Each structure stands twice: as C-alpha cells, then as structure tokens.
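Residue numbers (the numbering used here), protein chains in the order written: chain A, 1 to 150; chain B, 1001 to 1231; chain C, 2001 to 2260.
Just so you know, these hints were derived from the structure itself, not from any lab. Quick caveat, the model's predicted, so the values are computed rather than measured. Watch out, some of these pointers could steer you wrong.
[Said to hold, decoys possible] Quick list of in silico lysine to aspartate or glutamate cross-link-like pairs, DMTMM-like style, CA-CA up to 20 Å:
no.	chain 1	residue 1	chain 2	residue 2
1	B	K1028	B	E1164
2	B	K1066	B	D1103
3	C	K2257	B	D1103
4	C	K2168	B	E1013
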Amino acid sequence: MYLQKCTISVLFIYNSEKVRGDKMKFVDNVPIYIQIMNYIKRKIITEELKRGNKLPSVRELAEAIKVNPNTVQRAYQELEREGVAYSQRGLGRYITEDEEKIKLLRSEMADEIIKTFIDGMCKLGYSSEEMFHILEKKLEKGCTDNGDNS
Amino acid sequence: METILKATNVTKEYSRHRGLNGLNIEIKKGRIVGLLGPNGSGKTTFIKIAAGILRYSSGEVLIDGKEPGKYTKSIVAYLPDTNFLYKWMKIKDAMKFYNDMFDDFDNEKCTHLLEFMNLDINDRVMSLSKGMLEKLNLSLTLSRKAKLYILDEPLGGVDPTAREKIINAIIDNFKEDSSMIITTHLVNDIERLFDDVMFISEGQIVLEGNAEELRISKGKSIDELYREVFQ
Amino acid sequence: MFKLIKYEIIGKYKSLLILSIITIILNLALLSRWNSWPHSVIIGLSVMISVVVAVVVFIWCIGIFSQDVYDDKGYLTFTIPQRGYSILGSKLIVSWIFTIITNIVSGIFLYGFISNTVDISKQLDIAGLRINVTTCIIIALWSIFAFAKGLLQIYFAITITRLAVFKKRLGKFIAFVAYIIELVILSVINWGLPKIFPQKCYIKMFVGVSGSISSNGVGKIDVITKGLPYNIAVSIVFPIILVITLFMATSYMIEKKIDL
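For reference, chain A alone in the conformation it holds in the complex (with noise of 0.2 Å):
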C-alpha cells in the first residue's frame, strides 16, 4: 500500500512533469525526502542527470523546490545508503557511475509503475488478455500521445 503511494506518487509527478516542465510538484501523504529521492531517481533514469554528475547542494536544492533543508539532507543520506549517489569530503554528493545501478533503477521503477497498472486494472475487472490487447492498441501511438489523460 505504501509502495503503492510512492509509485502513484512517481506517475503524479511523471505526469505533472511533461505538461508543466520541469517544476516538482508535492504530494500531500507521502513524506517529502522520499518524493524529493524519486524525483532524483527519475532524473538520473531520463538521463538529465548524468552519472558522475554532481548533486546540487543541500541549500541550493532546498531552495529550488521550497524544502526544509533537514528534509533534503535525509534525502541525499538515503539515496547515498541506497548506492544512488556518493559523497567525497569537502567536493559534495554525486550520483553513481555505476551503469549496473542506473539500469537497475530504471528497471526497479518500471516494475513498480508496471505492479500498479496491474492491481489497477485487475481492480477494474480486466482480465490478462484485455490488458494485453489495450496496450497494444495505446503502445502504437507511441509515448507521446499517452501521457494526456490529465
């Protein structure tokens, strides 16, 4: 359930994104460090981030999306005990150059976007070879066209 959140959360912003640019948008119930660790995540995926890159500071990012810079901190802390980013004394954080580990959190975001597609639509009442059928069908527009349901 409370992945469940985080996921939804990441299709919010996913969405918010690509109509409005690039302005983080909040979310009320999930906690900020972890929607602002998503946010990280999905820009090293897209590549706007790239690896070795460095992080922005903790004050400069806290002030770019309006956060207690505590709340930031976390984030950072978290991301560098997940392997995401690293930090080098006196230099600041960067974001891993481990390829392995980008591409294994490309792969784990998609599987939790594809789990709550899913749950979603068994919830619906659809079954396997509908949901099968309905992607293929939106898959032939392409990725553009399919992120307008907003």
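For chain A, the structure is supplied; the task is to place chains B and C on it using the hints.
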C-alpha cells in the same frame, strides 16, 4: 540535541480568560518549528512571551537556560506581526538602528537581502506597501545571527511573489545552530519548511510531532491536518 | 543608552528645528514692533510665546515615553537588549536637551527685550546688591532636577497605569487620573513633612547688603540678608529621594513588568 527554548506549564491570565493554559513547548537547536493555530489560540501570546514583551502568570520559560530578559533579547530575533519600525525611519536608518542595537547584526547580509527583495535603502518606511514592509522586516530580522528566530505570520497579507522571496530568504538563512519558530495560518505555502509542527488551541499544545512523520502516520498533508484539528 | 539617545534625537530633531524657527520668526516679528508697541506688551507676548513653546515641548517629552508604552513603537524599543534604566534615562536626557534648547531660543529674545527696557544691573547697583553667583548655579541645577522630577512623576503614572489597565484609550485617561492622585499624595507629604522635620536652610539671593534699604518689618530684611528659607526635608531631601525612587520604580516596571 540541545534545547534552545523550554516552556513548562506556562499560563497567562487575563481578566476574562486565559491566554495560555498549561503550555509545554520544547524547541531544539537547528530546527524549524511551525506553531500552528487559529486566531486566539494563544500562539501570539506565547510568541510575545518568548520575545520578552509579555509576562507570564505562572510556569517557566527558559531561552538558552535564562528567563526572558536582556540576555534573551540579544539572542532572540523577533519579527512581529505589525509595523514596528519608527515612523520617521528610512530603510537605511532601520539598518543603522539594528546595527547599533544588536551586536549580532550582519550589515553586509542585510544589504544583500534587501537587494534580493528589490528594496531601495533610501525609501521611507512609511511609503512601503504591506508586502515590501514585510520583506524589509524579514530582511532585518534574518540579518541577525540569532540563536532563535521567531517569525510571527511572516506571510500574512503578502502577494504570492513576495511570499516566494520570503520563503527563499528563510531557507537561505537556515543555520544548523539556530532554531526558528514560525507561526502562520497559511500552512499550505510553508509546510515543507517545517522540521516539527505544534498545533496550539486554547492556550495548549493539542498535537505535535515531526512534520514528515505526521504526514506518514496521519496520511495527509500538514495543511489538511490543520483543517482537521481546527475544523 | 547613548545609542538610544541618538535615535530619539534623530527622530525628533526636525520637529525641534521647526519649532525653534517658528519661535525665532515670531520673536523677530515682535522685534519689528519694538518701536511701535509698548515694551511691556512685547515682553508679555514674548513670554506667552515661550510658555506655549515650553508646553509643546513638554508634551513631546511625555510623548516619547507614552508612545513606547502604548503604540507599536514599543515593539522595537522593548525587544532590543537594553535595561529599563537605560531606556528611561535616554528619555529624560533627550527631554532635557530639547527643553534647554527651546528655552535658550526663547530666553535670548526675552533677555534682549527685558534688558533693553529695564537696566537690571543699574537697579541692583542702586540698591547696593550683587546677585549671588553660587545661588544662580544652584537655581540652574535645581531647575534641571525639578524638570526631571516633574517628568518622572508623569512617566511613573503612565507606567503604573499600563500595568493595571489593558485597553489603550481607557489607559491614557486613567493615567491622567493616576497622575492627579499622585500629585495629591505628594502634596500631602509635602505638607506633612515640615511638621516632622522643621529644619530650614537659607539660600542667599543677593550679597553685599548695604544699609540703605528701608524696611517695613523684620521679615523683609531677613529675606534679603539671610536668604530665602527652605525646609530641608521638603525642598531637598524628599525630592531627591522621590526622584531616585520614581526612577528606579519606573525602570523596573518597564523592564520586568510591562505587557505589550
């Protein structure tokens, strides 16, 4: 973590009612705390006590271990809800005043902040709009290197662009060894700044905790929680 | 304290300047009538001007204190790390400065008008008297002291009312009542003290009494030869105690007891 402010069982009696009724608050170093409550809940009363311009009837308030007085006034930077600058002042007079009266005032920082807020130091204080006045007052307050900042409704009556600047200035000013108490009822704009929140009603704390943890446990934003608590 | 004084002055110096200029202009107007109007009228008008100016300045002096106690101005004054006696002292000193300046401005004209009408030194020479310089100095110092006493009585009344009464408008009215009560109490004390402490001292106004003064009774010569009698308790000891007490009490109250 050290405590910068500790209020124990504080009451404030007025002739017809109690402003504060057994209030217990503890603020730790380096935390930004939101003190949330409707008008009349006691938040301004508590703020004024901490600033040293109001006495409490019973209980104890210790700031850095001392009762409110000359020492605490030198380490507490208070931003009142009203126009408090002397009416004859220009912005540069206000800066000089702060510089003279407070040892911890940083002139350079203030100049920098005023530029950021697009304020001209030769303007008269009386000629400023509400939003500009709020930005000025905040700049003066944040330019002090205080141990405890108390901001009473820093966003009240201010347009959204000014609000953004104010929030940015607050974040930029964040120091690990200073704490901040912010009172507001515009929770939505500012809730992501809070480390901890305290809900005050009828002179008592009715709910408090770490902002993130409250979001998780209650499953809603602080703004929604506020509406729920005070509906 | 000096910083407080500096800012009080910066806040009011323009008004003071305007007031002084008005005084000068009015007196110059009188001067232009020197040869057309009777001198006594001119002196009388000049005195009136100086009285009005003195009243205005005195109201300002009360104002610089009551504004801090009643208006939003107090938020700034009472959140800076200053002691009560420092705040109070700065108000008193600034009041002195303003009063002395306006008195000098009015006084110069008044002295000019009077000395050109009546030659005072000549009259004194005729009587064979010289003004006692020490006495003049004592009088000058004493009037500074008395000014502080008068102002402190008002400040005290304002402060003590502010502690008791919360509403601002009502508070100002009650402060006035409190002041009257205070005056009554002090008058009673002043009346009662000589009964307990009848000792007197004499301030000599003049020196060098020659024998050509005629008298109608013993009293008058006594006044001139011996000096004006003052009851020590009432005129010296009590006022000093009063001023010290009022100052300390008011300082304590504004520092520790005030609720804004």
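Earlier hints that do not hold, by number: 1 and 3
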